[in-house]
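Asker: In case you want the letters, here they are:
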Amino acid sequence: MSILSELMVILLNGLQQGAIYVLLAVGLSIILGTLKFVNFAHGALYLIGTYAGLFIALDVTLSSGKLQEWGYADIGLGWGFLAALILVPMLVFAIGLLMERLLARSFYDRPDTDQILVTFGLAIVVQELFRVLFGSNSLPFNQPEYILSVIPVSGPMTLPIVGQFPRWRLWVIGITAVLVGLVYLLVEHTDFGLVVRAGTRDAEMVRLLGIKISRPYLVVFGIGAALAGVAGVVGGPLNVVNPTVGMDILVPAFLTVVIGGVGTIAGAVVGGLVIGLTQAALIGLPALTIGSFTLNFSPWAQVGLYAIAAIILLVRPQGILGDEEVAP
Amino acid sequence: MSLLDLSNVDAYYGESHILRDVTMSVEEGEICALLGRNGAGKTTTLRSIAGATPPEVRDGTVTFKGRDITGTPAEDVSAGGISLVPEERRIFPNLTVAENLHLAEVVRNKSNTWGRSLSFDHEGMSTEDVYAQFPRLDERRSQRAGTLSGGEQQMLAIARALKQSTDLLLLDEPYEGLAPKIIEDVEEAVRQISEDGTTILLVEQNAAAAIKLADRAYVIDQGGIVFDGTADELRADEATRERYLGV
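So the protein sequences, as listed, match chains A and W.
Numbering-wise (full-length UniProt numbering), the first sequence opens with residue 1 and increments by one.
Numbering-wise (full-length UniProt numbering), the second sequence opens with residue 1 and increments by one.
The following block holds chain W by itself, in its conformation from the complex (with noise of 0.2 Å):
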């Protein structure tokens, strides 16, 4: 039994149909990769695992941990441990930095939970290692986040990621619109939540370096799964690399 298992999986946007008979596993430790074109369905499958709404899942099985997750709603998801870091960075810009890292860590607070019961394996990093590990961020705790740099703001929401308590990573598109030495960081930060013990489900459309840093990749083309395998055997396999995602 792998992780997470999605088993013939049929997504909808309203009417549109999105995800067509998907069927993927992630295994416990590993990074994998799911690549694709632009509107291929990539985002849609991790919203389907994440419980975010929309998409509605209409068919087929999302399994966590063996446990049936499909249509279960989003918070509890992520209670249970799985957490997704979406496109665009999603930091809370009428708070401070401070904050926007407190947020990540509400949850793991008793009076919180509301009477649902946590389900995680692997503790979130401590504040004191985050701002140890973003000294810029250190710096400017109190500010507002809306005020930061654009790069700034990329390191944040990272940052936040790394203080999720969760087993399953779901990364969005985390090197879209970086600076190159930028995107060494987030690979870094990556890396590390990596051997931290969770398991990462990367999600990008930059395949080549997606698959430097995966250990398998599956490939996704309008909702339906056309490559799964190891990310060697995706190198070379040059056909299907310049057919779907023209590298």
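Bound conformation, chain A alone (with noise of 0.2 Å):
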């Protein structure tokens, strides 16, 4: 393999990791800069999104948990991905408004901490939750085959300069790129995505020009929502399966978010990019070999995410796209 061939593949895992980040974090970007709401719960939609995703796809067999105690092993419906990929958003939207409406809304005019004890207790009971009803083993999530019974979308493809890729990572990458592009129409080029921008700045201003407000609000949560559940869904054959994945993806998603800069979408997707690359680059990077000391670099991936984030916090405090005057 050529340099150039190796530096391609870390460039193409840093955008499919990235694309991950990128789901989760637009959403939790656009509700923290709009609703200045703090949800440490956007980690449990991904939790939900996985969780449905698995069994909405594929045929499961649980061999832990409560649910197969009391007889119900077989859980998984085996509809397969493309029912995956259409059905968990719409979920995840509609538990994403419920969220709003019964949790959210009345903690949007309290302080930060009281968002953060209430979201993240709910986090808990989440992950709890499902660790009692699944068991807290890690389920195979296999990677997809097929969609739509002719579309190949697993095993390795043969690109240009790259050489050979998983076909399923180029998916994700451009399941992403096409997400996130129709949110940023909506939101930059709607009458719906002007009420939204322009409420991040001034609420009461928007409400008084006669704009009912809570109503884009409540969609602002629900798109974010499904955008965490389709991350799971698209990330779910990816990475683990188990009922701690909604925490664990939380801070690098938070990350992304102040990285990029709170608010923007162009923001949460440099941000993502940032970290995805970061991530991929220090576990793609061959060890350097100084005389008798070796330097792997693989180890410091996790560390090399808060590195790169406190660099870039220090130079630039709103984050790369963040505007001065919302920095948090």
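Derived from the structure by calculation, the hints contain no laboratory data.
Hints may contain errors.
[Claimed, not checked] Here are some chain A residues pointing at chain W (derived, C-beta under 10 Å):
id: 1; residue: Ile213
id: 2; residue: Gly263
id: 3; residue: Gln318
id: 4; residue: Leu321
id: 5; residue: Asp323
Remember, it's a predicted structure, so these values are computed and weren't measured experimentally.
We put the CB at the ideal spot given by N, CA and C, even for glycine.
Build the complex from these two chains, which are given one at a time in their own frames, with help from the hints.
Answerer: Next comes the structure, spelled out in structure tokens:
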């Protein structure tokens, strides 16, 4: 493998890992930017998305957990991946709406710390509920082989320069690009988006113009939730599926938001790419040998995220594309 | 029946009692001024009418076109034909000039009313007319409002008010911090809105400038109305002017 192709592989892996973070961060960032709501339960939405995706797409047999004890070990629907990709966002969108109405709405005017406590609490409840029902074990989420039985999405495909690359990872990048593009159009080019962007700055003035802003807020919450659900579906086959994935992914998702800048979609994309590429580079770069000393980068992949976040925030406290005036 | 009636309104910011038994009315078609010192309760009065919170109206009623609108949410008051142009410009710095102006008519688009019925008699100005009147804004259509100069931002705030479809315009300190040249522009715009048939309730610290425009005036002090009369009567009443307005 040439150096160029190795670099390309790192780049594509970074894009793919970044894509998952982007999906999570776009929702998190819009909710934080518009509603000033710190949603620590965003990871729980990813968790729900992953499990729901798994159960809809494949036939699953649980080997532990209450459901298995009660005799419902075979709970997969086996409807295929496309069904999961369509149904899960709808399901998680609905869960997002419920979350906004029943929980988040009462906390919009409360301090960040209250919001963090209540959403973190919810995240733990969801996580433990899943642990009880489906067991602590990691469940196998095989990569889908075909979408609509004809379009192959698994296995390696040969790309120019890069050589062989897992086809599914490219799909993840593509699906993310399409979804983020759609949300971008919605926010930048519709009246709905205009109201949301105006509300980010001055919700009262929006209301004084006769606009009922609680409805767009509700929809924003639902869309953010749906994107987290999609992240769970497309990321499921690439990561492990167990009850702690929601919490595990929450921190990099928040890092993505603060690196990119709160409240901007472009910021979430840039932040996701920075984190994804950093991680892929540290994992993919060959060890450096100087004399008898060997420096291996991959153990530093996690630390690297925080290091790069710290450096970026030192230089630009509002994030790469963040607005100075709305810096948290 | 007047267009707007406040009867015995008591309003609070938290536990502080700001408006005490305020009774006033605004007649259809007039320019009515509400004058008083800083902290007298002028802004609180406007916010109580517009449904903005805080303050909280705990007693008394606000009646508009014969309907009791006390405690109605701000967006519904606005959709019903009352527009508050608050202190400071309150334009959206992150949106372009065109987007700022468009927001003033977003509510008129059926799909954005979300099931509420709009009830105003006076249509706001069209975008073309607004741009014709403010060529500077026309040139800067796609510029972010935050990058405009102070004077241009004020123009944008007025242009937005002109575009709002409303029967009663509540103007809070429109002259605050403006150069004399721009004050003239604002006066012109207020006159024009009035001539187009919209009733105006104008709140000002700059009493002299406000009396010039107004048909009638109220003076408020320590949360209570202390003068009620025509602009000419207020001009003639030196004692009231000196005691409460310092002019």
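Asker: Broken hints, numbered, in rising order?
Answerer: Going through the list in order, the structure violates hints 3, 4 and respects the others.
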